[in-house]
Amino acid sequence: MGRNRFREDALKYWDIKCEDAWTRFEEAVRENPYLTAKEFCTKDMGCVDPFMRWARRTKHNITQLRQQALDERKKAKGLERRNSTDDPTPGNMFIQFVPKKAAGLYPYKGISLTFPDGVNLSLQECTAEGLSSLLDIYNKRKEESVCSH
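Read in order, the letters of the sequence shown correspond to residues 1 to 149 in this note's numbering.
Treat each hint with caution, since some may be false.
Unchecked claim - Pairs of lysine-lysine, DSS-like flavour, derived with a Cα cap of 30 Å: (1) K38 - K74; (2) K74 - K59; (3) K43 - K12; (4) K75 - K59; (5) K17 - K43.
No lab work stands behind these hints, which were simulated from the structure alone.
Please take these sequences and the hints and turn them into a complete structure.
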């Protein structure tokens with residue numbers, strides 16, 4: 001009987017401790033959606049296993065929490081991707097160009113271009129060759145759309 005009482009007390013202790021930690025973890029994940037439970041628990045509680053067992057037992061979903069935080073961050077920054085069928089106007093399209101060269105060869109950062117037809121492009125990083133290639137592609141597509149009308 002004494003062992004069961006000790007076990008019940010230990011579970012209550014960890015329930016309280018983990019519930020408090022979960023609240024702090026939610027706040028920390030909102031700040032950094034890429035934070036892992038292991039990183040958080042190591043700094044906050046000093047141990048991971050009790051928190052993970054508690055989360056599973058109480059059906060707290062860490063993956064879902066992190067995804068919600070990422071979605072909230074995207075909405076806040078206006079980075080929701082639009083489906084091309086939602087609004088087919090060129091000004092609302094998102095295209096990602098992946099460079100063929102190795103990372104680290106990006107001498108230009110934060111480039112913004114505005115074309116006469118009102119299309120705005122913002123480039124986080126690019127090389128001179130990549131920028132030239134982008135302009136060639138844009139001009140070819142623009143010519144194709146003019147010819148098709």
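Verification of the supplied hints:
{"no.": "1", "hint": "K38 - K74", "in the structure": "24 Å, holds"}
{"no.": "2", "hint": "K74 - K59", "in the structure": "26 Å, holds"}
{"no.": "3", "hint": "K43 - K12", "in the structure": "22 Å, holds"}
{"no.": "4", "hint": "K75 - K59", "in the structure": "26 Å, holds"}
{"no.": "5", "hint": "K17 - K43", "in the structure": "14 Å, holds"}
In summary, this structure violates none of the numbered hints.
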